[in-house]
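Student: Below, each chain spelled out in residue letters.
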Amino acid sequence: MNIDKIDRQIITATQAGLPLTPQPYQTIANALGLSAEMVMQRMMVMQDQGVIRRIGAVPNHYRLGYKFNGMTVWNIADEYINEMGGRIGQLDFVSHCYHRPRHLPEWPYNLFAMVHSKSEAGVKEQQGMIAELLGGYNLGQDVLYSTRILKKTGLRIGR
Amino acid sequence: MDEIDRKIINHLQGGFPVCESPYLVVATELGLTETVLIKRLNDLLETGILSRFGPMYHAEQMGGELTLAAVKAPQDRFDQVAEMINALPEVAHNYARNHELNMWFVIATDKPERLPEVIQIIEEKTALSVYNMPKIKEYFVGLKLEA
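Chains as they are written, first to last, in our numbering: chain W, 1 to 159; chain Y, 1001 to 1147.
Please note: incorrect hints may appear among the correct ones.
[Said to hold, decoys possible] Cut-off 27 Å, straight-line C-alpha distance, at most; resulting in silico cross-link-like pairs (DSSO-like, lysine-lysine):
#1 Y:K1111 x W:K151
#2 Y:K1111 x Y:K1137
#3 Y:K1144 x W:K152
#4 Y:K1039 x Y:K1137
#5 W:K152 x Y:K1111
[Said to hold, decoys possible] If you anchor each label on the Cβ, the simulated ranges turn out as follows:
#6 Y:E1029 x W:E106: 42 to 52 Å
#7 W:Y80 x Y:E1003: 17 to 27 Å
#8 W:Y80 x Y:E1083: 35 to 45 Å
#9 W:T153 x Y:K1125: 17 to 27 Å
#10 W:P101 x Y:D1043: 34 to 44 Å
#11 W:I6 x Y:D1079: 18 to 28 Å
#12 W:Y145 x Y:Q1080: 49 to 59 Å
#13 W:S35 x Y:D1043: 46 to 56 Å
#14 Y:L1045 x W:Y80: 20 to 30 Å
#15 W:G128 x Y:F1078: 43 to 53 Å
#16 W:M1 x Y:P1134: 12 to 22 Å
#17 W:D142 x Y:E1060: 19 to 29 Å
#18 W:Y80 x Y:F1078: 34 to 44 Å
Bear in mind the hints are in silico, worked out from the structure with no lab data behind them.
The beta-carbon is built from N, C-alpha and C at its ideal position, and this holds for glycine as well.
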């Protein structure tokens, strides 16, 4: 989708968050010198087009008790990666699943799947379920836990 | 955090309407008043239980560029390295992880050509190699964490 100047203004005004006012789209519109109808229409189109993935709340995993956020990483032969990635992405406990480049020899992993649990045993169990699904296509694996959030601001684009 | 907070968090991970009085719509669905919902949301954000509330933009769909990158930060200057990396506005998230590659961050830039510049700045400032791992393919993004 081609985003224009007005879309960009709306993005800049909302990427830190939606105003906590009874009529938040009107508040945005007032700040930008637009009508609320225009802001709402643009945001609906951006949502339809996938520029906005969704509007909603992002909880701090730790604060909800999900203290074990595991980045499970896997080494999958390139010819099977899309099939395997597609399957792993469908698991209900996986929040993000991507094919990323290896950095050989130190980093042989090319499939990343983020999992979240309230216990380390929970993550191990989830990792085990992924391994089971991958079967013989799994050439190596690891899990990296986040031990601390150093920064979390969300994206800042369109300044 | 009480039952009402949990209800709000669980509900709002699923989406938020675009209409004139969206808080009123959501409050009604949850059996709350608009004032209570707004107050609770404000508190959840202020206390950091929610890290964000609003639209989640898809960087690449906007012509921007996004990558996941990692460095091996020496323990004796770990915090200093984190500070240098976090100082860049293009760095959206940064996590410490238990691996030799112990600092993992997301870089998001307006324009694709800015991304290698940011990586270069990080390498120069920290004197560390940046392991750049841009996504080749996305299989899934989403998830609701039950509060």
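Student: Now look at each hint and say whether the structure bears it out.
Tutor: Each hint, compared with the structure:
1. Our distance criterion of 27 Å between C-alpha atoms is met by K1111 of chain Y and K151 of chain W, whose separation comes to about 22 Å.
2. Our distance criterion of 27 Å between C-alpha atoms is met by K1111 of chain Y and K1137 of chain Y, whose separation comes to about 20 Å.
3. Of the pairs offered as hints, the one joining K1144 of chain Y and K152 of chain W holds, with about 18 Å between alpha carbons and a cut-off of 27 Å not exceeded.
4. Distance check on the hinted pair: K1039 of chain Y and K1137 of chain Y sit about 40 Å apart at the alpha-carbon level, beyond 27 Å; violated.
5. The straight-line distance between the Cα atoms of K152 of chain W and K1111 of chain Y is roughly 21 Å, inside the 27 Å bound, and the hint therefore holds.
6. Checked against the hint of 42 to 52 Å, the pair E1029 of chain Y and E106 of chain W passes, with Cβ atoms roughly 50 Å apart.
7. For the pair Y80 of chain W and E1003 of chain Y, the beta carbons lie near 45 Å from each other, so the given range of 17 to 27 Å is not met.
8. A hinted range of 35 to 45 Å holds for the C-beta pair Y80 of chain W and E1083 of chain Y, which are about 41 Å apart.
9. Remark: the range hint 17 to 27 Å for T153 of chain W to K1125 of chain Y is upheld by a beta-carbon distance near 19 Å.
10. For P101 of chain W paired with D1043 of chain Y, a C-beta distance near 42 Å keeps the hint of 34 to 44 Å intact.
11. Hint check: I6 of chain W to D1079 of chain Y, Cβ distance near 41 Å, so the stated range 18 to 28 Å is violated.
12. Remark: the range hint 49 to 59 Å for Y145 of chain W to Q1080 of chain Y is contradicted by a beta-carbon distance near 23 Å.
13. About 31 Å separates the C-beta atoms of S35 of chain W and D1043 of chain Y, a value inconsistent with the hinted range of 46 to 56 Å.
14. For L1045 of chain Y and Y80 of chain W, the Cβ-Cβ distance of about 43 Å falls outside the hinted range of 20 to 30 Å, so the restraint is violated.
15. For G128 of chain W paired with F1078 of chain Y, a C-beta distance near 31 Å fails the hint of 43 to 53 Å.
16. Take M1 of chain W and P1134 of chain Y: their Cβ atoms lie about 21 Å apart, and the range 12 to 22 Å holds.
17. The supplied range of 19 to 29 Å is met by D142 of chain W and E1060 of chain Y, whose beta-carbon atoms lie about 27 Å from each other.
18. At about 37 Å, the beta-carbon gap between Y80 of chain W and F1078 of chain Y stays in the expected band of 34 to 44 Å.
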